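Take these sequences, add in the hints, and give me the full structure.
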Amino acid sequence: KSVTQSNEGRETIIPLRQRSILHRLDVYPFLIGYSLLIFSDGLLLHSTTTNDGNINSSTVPIIAMDVGFIVLLILQLGLFLKCAWDPIWYAKVAYYWLLNNGGNHDDHINNN
Numbered sequence: 001k002s003v004t005q006s007n008e009g010r011e012t013i014i015p016l017r018q019r020s021i022l023h024r025l026d027v028y029p030f031l032i033g034y035s036l037l038i039f040s041d042g043l044l045l046h047s048t049t050t051n052d053g054n055i056n057s058s059t060v061p062i063i064a065m066d067v068g069f070i071v072l073l074i075l076q077l078g079l080f081l082k083c084a085w086d087p088i089w090y091a092k093v094a095y096y097w098l099l100n101n102g103g104n105h106d107d108h109i110n111n112n
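Using our numbering, read the sequence shown as starting at 1 and increasing by one per residue.
Treat the hints as calculated values from the structure; they're not laboratory data.
Mixed in with the good hints there might be a few duds.
Claimed, not checked - Here are the computed distance ranges between Cβ atoms for each label pair:
1. 27 <-> 68: 30 to 38 angstroms
2. 29 <-> 63: 19 to 27 angstroms
3. 35 <-> 62: 39 to 47 angstroms
4. 27 <-> 62: 23 to 31 angstroms
5. 21 <-> 69: 20 to 28 angstroms
Note that the coordinates shown come from a computational prediction; the quantities given were computed from them, not determined experimentally.
For each residue, glycine too, the CB sits at the ideal point set by N, CA and C.
Laid out in structure tokens, this is it:
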């Protein structure tokens, strides 16, 4: 017997339930991340502005904010592409697994 024949007929169907758009794992963490970066960028701009309206040239925090935006954007793009090409990843991100009693079951997702 080949490997595919020995596992044939033993597939398990796992019920899934779609997450709401805000609770998807490709939306919610990035929404929080971008919100924190924008909020801290506003605080940074407010704290570096002098009384006469000129902006103090403190470049280290500004560069750190730019790097934060770039890293977050690359992570979001990578997750988007991974979900577009891999249905297992899409299921992990967009759905949650249901237990027999109707509860959520996100812990037992495997890649097999």
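Verification of the supplied hints:
no., hint, result
1, 27 <-> 68: 30 to 38 angstroms, "violated, 18 angstroms"
2, 29 <-> 63: 19 to 27 angstroms, "holds, 23 angstroms"
3, 35 <-> 62: 39 to 47 angstroms, "violated, 19 angstroms"
4, 27 <-> 62: 23 to 31 angstroms, "holds, 27 angstroms"
5, 21 <-> 69: 20 to 28 angstroms, "holds, 22 angstroms"
Of the numbered hints listed earlier, those contradicted by the structure are 1, 3.
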